[in-house]
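Using the sequences provided together with the hints, build the complete structure.
Heads up: the sequence lines are chains A and F, in that order. Just so you know, we're using my numbering here: the first sequence kicks off at 1 and counts up by one. Just so you know, we're using my numbering here: the second sequence kicks off at 1 and counts up by one.
I should point out that these hints are in silico values taken from the structure, not numbers from a laboratory. We put the CB at the ideal spot given by N, CA and C, even for glycine. Check the hints yourself; a few may be wrong.
[Said to hold, decoys possible] What the simulated footprint calls covered on chain A by chain F, stretch by stretch (three residues with Cβ under 8 angstroms from a Cβ of chain F suffice, anywhere in the stretch; the number is not a length):
#1 42 to 53
#2 60 to 69
[What the hints assert, rightly or not] Capping the alpha-carbon separation at 25 angstroms, the derived lysine to aspartate or glutamate pairs in DMTMM-like fashion look like this:
#3 331(F) to 35(A)
#4 331(F) to 90(A)
#5 234(F) to 44(A)
#6 65(A) to 101(F)
#7 65(A) to 311(F)
#8 331(F) to 69(A)
#9 331(F) to 83(A)
#10 331(F) to 56(A)
#11 65(A) to 324(F)
#12 234(F) to 83(A)
So you can see what is in the structure, the chains are spelled out below.
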Amino acid sequence: MSKIPGDLHYTRSHEWVRRLPSGQVEVGITDHAQEALGDLVFVEVPQVSRRLVAGEACAVVESVKAASDVYSPVSGQIAASNDDLAQRPELLNSDPYGAGWLMRVVPDASAAAGPWLTPAEYAQFLEEAG
Amino acid sequence: MPFIPHTADDIARMLQVIGAQSIDDLFDEIPSALKTAALPGVPPGLSEMEVARLLTERALRDGRPLNFIGAGAYEHHIPAPVWAIASRGEFYSAYTPYQSEASQGTLQLIYEYQSMMCALTAMEVSNASLYDGASALAEACLMAVRANRGCESRRILLPRTVNPTYCQVARNITCNQQIEIEAVNFDRREGRVTLRALQAYEGQDFAALVVQQPDFFGNLEEVDQLTDWAHANKMLVIAVVNPTALALLKPPGEWGGLAGGTRGADIVCGEGQPLGVSLASGGPYFGFMATRMPYVRQMPGRIVGGTLDIEGRPGFSLTLQAREQHIRRSKATSNICTNQGLMVTAATIYMALLGAAGLKRVAAASAQRTAELVRALCQIGGVSEVFDAPRFHEAVLKLDRPVAPVLAALAERGISGGLDLCASYPELGHALLVCATETKTDADIDAYARALADIMPPARDGRGAI
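Below, the structure written as structure tokens:
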């Protein structure tokens, strides 16, 4: 059973969202996603200051088997990207909700929060997906 | 690895296992309205004997002209062992087999090819080849847009000194991907791209500058200056190079860096035909592509890597496949590229036979022959050289009259005299692109000069007929 921390929001494409006190949101991929991908060998994070529309492909996580897109859960502008992942992509496998974060986004003022899933909804979504 | 076709029995047994009546059943998903029994305009099949006869007759119609055309495809001597080895059963196949467990020989050959291309270009990684030089440039443009992450536009600077056919193909392949290609003019005296021509683009947002060396006119571009200018303006440098010329010229991996900027082109591509592949209209030829490690994940095509097997023995296998079409589908780095396995086999054997010293001799002899050809032809009244720049093994000549009738008259005498540039470069007037490689003898050059002098008698006023 993969870990689903109770203080985060989730998407159906397996990203997690953490609201930071600064108003920015931190984004990563879930424990379930990293497990399904297997050992990651390369992570491509978005350039700082790039503008994103919710649902847009903004990062690529690559395992030996496949390269998969990560979709932005929110519209806004990239404030920071996790550059450590360039040298240590395995952080995403070992600590997907912590050291394996991908990016921090300044959400657009008009950006709606979601539709994100609650931890319980995401757990149910995983269960239904089998 | 042997290729063994299925027998009728094999096919029947396989159909039985999967519960299908016939091979056609496997295609029953395709609506019958979309199927066509016969293709209009495609004649029925011919037997091998009929095909051999038809093609021999057509080849005879072409004759064996003395060839002085280059313009992207070059006549070089191909040592007999090249195709004797390349056409052995182990190599000769319509498909390149990549399975590590069955294809170590093929994979090792491609690995050797990639290593040779890296040595020739001074780049860090080469792919296993692409279709041809023109589509390799198109792929390089797409790659540059992906790789130059600091650039927000999808624009490429493409000088008019790049092979016009390549430019056309690059535009064709990239135009539906919202990529804009901006043509840069060349200096009329030098036939090269100058920093002056690039000034208009200073500080603008372009993903890459393309630099062809030698350029389409045969001239040597100021590659160091151009590379440094592009890097100073946050553009990548796409080098389009002739592999034979690289035996003499500074490799693209070492271009620029004069003022402490980044050294070297970022993507190198070109046509591999000069390396042991015979001239043929329509190919097959092969394209090559190389880059630096930071961009390796944006490079399209197969890449063979060296590795160790489970018992620690060295071996070879495809690597970095996660962004290829069988995994990424529509998001793959490319869906229109493949490896030209057989052509690469010939090129690898060609390079191995010649070695660095041999390739240098071919390049030097070709440059020498072209210099002699230009000298001989320019002694004829009404013929002069257009550009004032150092060149490799091609040159643009100006005639005092339209080029097409002159070429037609030369053809009647069994000479392919060069490429008429009037359609692609009308501003150059009656311009003819000529090439001589190491295959041309003194007698060949003399024959061309005599035929041309004969066709272009000086006009009475001494200025030639216009």
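Structure-based check of all given hints:
no., hint, in the structure
1, 42 to 53, "holds (count 3)"
2, 60 to 69, "holds (count 7)"
3, 331(F) to 35(A), "holds, 22 angstroms"
4, 331(F) to 90(A), "holds, 24 angstroms"
5, 234(F) to 44(A), "holds, 20 angstroms"
6, 65(A) to 101(F), "holds, 18 angstroms"
7, 65(A) to 311(F), "holds, 22 angstroms"
8, 331(F) to 69(A), "holds, 9 angstroms"
9, 331(F) to 83(A), "holds, 24 angstroms"
10, 331(F) to 56(A), "holds, 13 angstroms"
11, 65(A) to 324(F), "holds, 11 angstroms"
12, 234(F) to 83(A), "holds, 21 angstroms"
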